[in-house]
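Chemist: Chain by chain, the residues run as shown.
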Amino acid sequence: MLEIKNLHVRIAEDETEILHGIDLKIGAGEVHAIMGPNGSGKSTLSYVLAGKDDYEVTEGEILFNGKDLLEMEPNERAAAGVFLAFQYPIEIPGVGTMTFLKTAMNAQRKARGEDELTTPDFMRLVKETAQRLEISMDMLKRPLNVGFSGGEKKRNEILQMALLQPTLAVMDETDSGLDIDALKVVADGVNALRGKDRSFLVITHYQRLLDHIVPDFVHVLSKGRIVRSGGKELALELEEKGYADYVGEAA
Amino acid sequence: MASNLASENRRVETAAEKALAGHFDAMPADDPMHEIRSSAFDAIRQAGLPHRRVEDWKYTDLRTLLKDVPAPAAPGDVEKARAILAETDPLSDLAGSRIVFVNGHFVPSLSDMAAIADQVDFASLGRFLADGGAIFDRFDTADPAETPILALNSAFMSDGAVINIRQDAEIEKPIHLAHLFVGEEAGLQTLRNLVSVESGARATIFETYHGPDDLGYHTNTVSQIHVADGAQVRWIKLVEDGSAATHLGMAISRLGAKAVFDPFTYTAGPALTRNEMRMIMSGPHTKSGIRGATLVRDKCHADFTLLVDHAVPDCESREYFKAVIDDTARAVFQGKIIVRPDAQHTVGQMMSQALLLDEGGEFDNKPELEIFADDVICAHGATCGEIDEDMLFFLRSRGIDEAEAEQLLVQAFLAEAIEEIGDEAIEQVLEARTRKWLGMAPEIE
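Protein chains in written order, with numbering that gives the first Met the number 0: chain A, 0 to 250; chain B, 0 to 444.
Don't take every hint at face value.
[What the hints assert, rightly or not] Calculated cross-link-like contacts (lysine-lysine; reagent style BS3-like; alpha-carbon spacing at most 27 Å):
#1 A:K109 with B:K435
#2 B:K172 with B:K298
#3 A:K231 with A:K4
#4 B:K172 with A:K140
#5 B:K335 with B:K257
#6 A:K195 with A:K183
#7 A:K140 with B:K257
#8 B:K335 with B:K286
#9 A:K195 with A:K222
In case anyone wonders, no lab produced these hints; they're calculated from the structure.
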């Protein structure tokens with residue numbers, strides 16, 4: 000599904016290289032976790048996958064279902080099935096959440112050559128999904144993420160993911176700012192979406208999230224390189240020992 | 000001394016000034032309004048059109064911007080106007096009554112005030128002009144030497160709406176004052192509205208201006224408004240004159256005690272626009288939300304100039320203006336709040352914000368607070384920026400293409416001011432105007 004080869008990335012503005020050659024393969028239906036200390040390049044990787052133009056790829060490639068992902072605009076990536084759950088979801092005053100959801104869903108459908116959703120179909124879909132994620136319709140009447148608590152914003156991200164049905168979901172520190180109850184709701188939302196055709200790349204600093212979203216593979220990212228890969232037990236080991244070993248090793 | 004004399008005589012010197020003098024001199028001298036008109040036009044003869052060295056006109060130099068002024072327009076084709084109105088009326092079925100002017104002349108056959116006839120008195124201005132304009136004494140005015148728009152209006156006014164909303168009237172649906180310019184020949188339409196809202200009455204007035212693109216016609220419109228004690232008035236002005244048109248507008252209002260007056264000025268279209276608003280709060284516990292949205296592109300120039308006079312204590316004014324500027328267009332906001340020595344406990348909150356869609360655009364912002372009382376809460380703020388890249392990326396990452404994401408963000412930017420109107424049906428009308436300006440489909444459900 001996703002193949003990252005020798006990916007080198009720098010910040011466009013000051014040319015600081017953040018990622019120094021990442022190799023990662025994610026198969027259909029797999030859940031991969033990327034763990035690492037602050038500043039290791041985790042968020043950079045997620046932004047590069049989604050197509051944020053603050054970053055420049057200087058070497059390497061990313062193939063998504065065989066296609067060159069780096070050649071695609073952010074909206075084209077979304078229509079092709081890539082979804083980024085933001086670490087800090089953006090507040091957009093003046094854009095109603097429902098308007099946003101409908102515009103996004105229909106834009107993707109249109110890009111894929113599908114018919115646009117009718118309003119009743121759209122409403123039904125949103126209501127059902129929102130209920131599962133304990134999101135009230137009142138919340139959805141507000142402008143996008145405005146006045147939402149941290150937990151509400153994250154649940155709103157999962158709602159978008161559930162409605163847009165991506166084939167690759169990249170989750171950037173989705174656990175940050177969540178209490179344990181909110182974490183469970185979010186994790187249940189993600190687990191409900193797991194399936195043989197949908198892959199996840201879960202980026203996190205802490206092992207805690209991985210108790211709830213159990214990964215198939217865990218990778219340790221440090222100073223812009225994947226320094227170790229293993230199964231889910233690697234996360235537990237990190238929880239116990241911390242990142243000290245890896246920070247040293249990469250330096 | 001010779002040069003002094005020469006400069007005195009050279010006030011009327013640009014093509015537009017000469018055209019105005021010619022049009023004025025061609026008006027009949029036996030008009031009962033002649034004296035009022037002449038003394039107003041003398042202000043123009045003496046000072047010429049305002050220019051950048053006149054502080055109030057620093058950013059809108061009419062001497063440079065006005066290339067010509069067409070002659071007063073002949074009445075337009077009523078059937079053509081009927082068809083245009085049916086096709087383009089932004090209010091569709093929202094209004095409960097309608098007063099229609101075509102090329103600056105009242106058209107009874109397109110107007111309908113029947114639904115509110117028992118609560119509202121209406122006459123066109125024409126008959127009051129015929130008896131010499133005694134009615135003007137009942138309304139606040141301004142010195143024509145300081146207000147060129149008013150001076151030109153007094154000189155050339157041809158018609159307008161005289162409206163009296165009776166005590167405690169409750170007018171649920173907006174009263175639509177529709178102004179259409181029709182025809183293929185440019186002309187000058189000059190309108191004067193006199194509106195008095197008696198105590199305790201509630202009403203919404205919705206003014207619209209529409210005309211053909213690529214025709215250099217001129218609109219000059221002045222409204223004198225008196226809002227009596229406890230009355231509540233919402234006043235929406237939608238300026239959608241054609242792409243080559245000039246729109247000069249002014250509203251002079253006086254607010255009584257415990258009155259609520261919320262004007263919203265939405266401008267999208269004309270090549271040159273200047274809207275001025277002067278408001279005096281003359282009774283305590285009055286509230287006013289003065290808001291506006293300006294959308295300009297190409298080489299358009301749109302100016303909003305505001306003067307709010309807090310003359311008495313315990314009043315509240317909120318000023319909130321938004322401008323969207325594309326290409327090499329220019330928007331101007333000048334907002335002055337005066338708080339008189341007695342006007343303790345005044346609250347005045349002014350904010351103006353511009354969104355630049357292109358590096359070639361310009362926003363000139365001039366807030367002025369003149370505060371002579373010591374127990375007041377007054378603030379002003381201004382921002383000028385581009386589309387937020389993070390917001391744009393967020394929307395794109397959800398599959399929305401760049402153009403549509405930008406449109407959503409422009410709408411969102413304006414919505415912050417529009418949503419303060421507090422009437423969903425009216426907000427939807429204005430949001431639909433934004434979609435039209437952006438070239439989007441008419442409806443998002």
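Chemist: Are the Cα atoms of K195 of chain A and K183 of chain A separated by 27 Å or less?
Modeler: 22 Å, holds
Chemist: Given the hint that K172 of chain B pairs with K140 of chain A, does the C-alpha gap stay at or below 27 Å?
Modeler: 26 Å, holds
Chemist: When you check the alpha-carbon spacing of K231 of chain A and K4 of chain A, does it fall within 27 Å?
Modeler: Holds, at about 23 Å.
Chemist: Could you grab the alpha-carbon distance between K335 of chain B and K257 of chain B and see if it respects the 27 Å cut-off?
Modeler: 22 Å, holds
Chemist: Check the hint pairing K335 of chain B with K286 of chain B against an upper bound of 27 Å on the C-alpha distance.
Modeler: 17 Å, holds
Chemist: Tell me if the straight-line CA distance from K109 of chain A to K435 of chain B falls inside 27 Å.
Modeler: 22 Å, holds
Chemist: If you draw a straight line from the CA of K195 of chain A to the CA of K222 of chain A, is it 27 Å or shorter?
Modeler: Not OK: K195 of chain A and K222 of chain A at ~32 Å, beyond 27 Å, violated.
Chemist: For a C-alpha distance cap of 27 Å, please report whether K140 of chain A and K257 of chain B respect it.
Modeler: 33 Å, violated
Chemist: Against the 27 Å threshold, does the CA-CA distance of K172 of chain B and K298 of chain B hold or violate the hint?
Modeler: 36 Å, violated
Hint violations for this structure: numbers 2, 7 and 9, all remaining hints satisfied.
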